[in-house]
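Student: This is what each chain is made of:
Number of protein chains: 2
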Amino acid sequence: MKSEGGAHRAVTMRDVAQAAGVSVSTVSHVVNDTGARIGADARERVRRAIDELGYRPNAMAKNLVKGSSRFIGLVADAIASTPFAGQIIHGAQDEAWQHGYVLLVANTEGNAPAEASALSMMWEHKVRGILYSTWYHRAVDLPEGLVEPDTVLVNCYSDRRPLPAVVPNERSGGRDATRMLLEQGHQRVAFLNTSTPSPARDGRHEGYRQALRAAKLPYDPALVVDVQPDQEGGYSAVDRVVASGASAVFCHNDRVAMGLYDGLRERGLRIPDDLSVVGFDNQEVIAAHLRPALSTVALPHYELGRRGVRVLLGLDKPKGSEPMAVDCPSVPRSSISRPSER
Amino acid sequence: MKSEGGAHRAVTMRDVAQAAGVSVSTVSHVVNDTGARIGADARERVRRAIDELGYRPNAMAKNLVKGSSRFIGLVADAIASTPFAGQIIHGAQDEAWQHGYVLLVANTEGNAPAEASALSMMWEHKVRGILYSTWYHRAVDLPEGLVEPDTVLVNCYSDRRPLPAVVPNERSGGRDATRMLLEQGHQRVAFLNTSTPSPARDGRHEGYRQALRAAKLPYDPALVVDVQPDQEGGYSAVDRVVASGASAVFCHNDRVAMGLYDGLRERGLRIPDDLSVVGFDNQEVIAAHLRPALSTVALPHYELGRRGVRVLLGLDKPKGSEPMAVDCPSVPRSSISRPSER
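These protein sequence lines map, in sequence, to chains A and E.
Mapping of the first sequence onto this note's numbering: position 58 corresponds to residue 58, and the numbering continues sequentially without gaps.
Mapping of the second sequence onto this note's numbering: position 250 corresponds to residue 250, and the numbering continues sequentially without gaps.
Derived from the structure by calculation, the hints contain no laboratory data.
One or more of the hints may lead you astray.
[As the list claims (entries may be wrong)] Partial list, derived from the structure: chain E residues whose beta carbon lies under 7 Å from chain A:
#1 79
#2 81
#3 86
#4 93
#5 98
#6 99
#7 121
#8 265
#9 268
#10 284
Quick caveat: nothing in here was measured; it's all calculated off a predicted structure.
Backbone N, C-alpha and C fix where the C-beta goes; we use that ideal spot for every residue, glycine too.
Using the sequences and the accompanying hints, generate a full structural model.
Tutor: Pasting the structure below:
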């Protein structure tokens, strides 16, 4: 018989699952007696594996002995002000649970002392690793407490430290948004980009140019207007959009599109009859509920969270030193039509 | 010198308590620096015992010994689709950290197996207690795994089990929203309420009636219209609002107000010149960014989370068996003016 310490170090819920030929979540249901419907046969195999391997199902006892826990830490900077962080958490949790890990979530609201507390709390609980996430895609200056290995950046990246990162593919998103308009026959497509320097600004702009190039249309800088990335920004650009002679507009995000809708309506212009509009983000309470419902591309926050956990656990690997880029799916609705005859 | 494993196994908080001649909870207060009043003499004996025995206050080691941890569990049902759950988490976390607790957050998206996993995960980690929260205020059928004591319901309540609960004060919120309109001199105030049975529907309706009564105005059922509680619902009610002769409208939520804005604009009516509007929720990406910016009352999600933790830790006590009701602050913006002369 092995020593107690040795046995503990060896046996995990995953070992039981493998020995019993079932999923980790099945083992968890049996061990925790959750009332889930598990077949008598599988239940019996799990019980036998537990006995044979000497598995002891106490989360914290295991953590102590193994020196690392079944926790994954997730630090989020804006969980209280947007649903984006929630979607990252949702994706990360689903993937973590599938592999027998629990998420320790800490919300910092961008506050440095809260971040320091969050990180020290996580290390104190001997997390397997940390996902460090931001609500909008950006470069980050990493805090002191964030040490390699076992840190994955989600929706952000570091220029100084070569940490693995998972980010949205802004370029292909911008290309697909523009292409939704070009495919309907639009030739003059305005682009209301954000005035804030960011990977979203550069990537979506590059995607816009790529789509024009692929359609053999010229790039006209007069069609590109930088605005504040919210409703007020979209509203403020209406005159320039109308003056540009564009028949369609790609908006940096759904909030800009919402402001543009208001401005166009005040001038008696109809969407999509007079002007087609596409957004970006697929923001929950806005995009589907504008009149007409807004065609857009979705930021893949759920998938970013999921992939972050997979990279942390070594199940997915970013190629080379570049961040792993996740595609932004197109969400067609009712704000795009063929250009009107003028 | 003892072997490392032996030392870890041997020294517990209970050992320290025995050596110092104090209770385990006294040791815990000293170790965690909780601010509890412990006499200088006892404190000194604990410190000496810790040194002599080589006790190492490791978060998880403590949990094992005490049988309960420095975790508080928070179950949320819609963290990925609204910012509301995030605000509850933010408030709960701030309060928990202040008392040396860490939040274990689990997102269920309203899914029963996910909820069962979340609860068993939390009990496995020996949480001090659980906050069970919903994204909109409602009665809940509590899952099996949710046992007393040490459960607090946040933004929900149970008709069957007398668990402590913290909820928004829908009645005073509805009263204050209506009063914002009455104070400007409006005498015919329409109310677009939700068609979905809920405490928000009943409470805000009662608040609306209270405000009318206090202003000695009659209650006219023709002014109360039930709609789907989103943009589409507000848009659909425009004809009835106009036909009612109301000079002001209290909307069940900000999304209803947003749809009403669209419909009024299409009929050439201006807000607030032709019609004053007030919402409910103060929803982040909507309320401040409508044209004109929407006056509303805020759902106090941050405060609900904070109070939930305080009730769980015994720092606040609901009076009697009723849920603790938290006020909804008024947020005046630009969608209300005096009624126009007609």
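Student: For the restraint on residue 121 of chain E, tell me whether the closest CB of chain A is nearer than 7 Å.
Tutor: Where the cut-off is 7 Å and the nearest Cβ of chain A is about 5 Å from residue 121 of chain E, the hint holds.
Student: Can residue 79 of chain E be said to touch chain A, with a Cβ gap under 7 Å?
Tutor: 4 Å, holds
Student: With a cut-off of 7 Å, does the beta carbon of residue 268 of chain E approach a beta carbon of chain A closely enough for the hint to hold?
Tutor: 10 Å, violated
Student: Hint residue 98 of chain E vs chain A: min CB-CB distance below 7 Å?
Tutor: This hint is violated: residue 98 of chain E lies away from chain A, its Cβ roughly 11 Å from the closest one there, beyond 7 Å.
Student: Taking the closest Cβ pair, is residue 265 of chain E under 7 Å from chain A?
Tutor: 6 Å, holds
Student: May I ask you to test the interface hint for residue 81 of chain E with respect to chain A, counting a Cβ-Cβ separation under 7 Å as satisfied?
Tutor: 6 Å, holds
Student: Quick check on the hint: residue 284 of chain E CB to chain A CB, less than 7 Å?
Tutor: 6 Å, holds
Student: Checking hints one by one. Is residue 86 of chain E an interface residue toward chain A, by the C-beta closer than 7 Å rule?
Tutor: 4 Å, holds
Student: Are residue 99 of chain E and chain A close enough, Cβ to Cβ, to be under 7 Å, as the hint says?
Tutor: 13 Å, violated
Student: Going by Cβ atoms only, is residue 93 of chain E closer than 7 Å to chain A?
Tutor: Holds. Min distance 6 Å.
Hint violations for this structure: numbers 5, 6, 9, all remaining hints satisfied.
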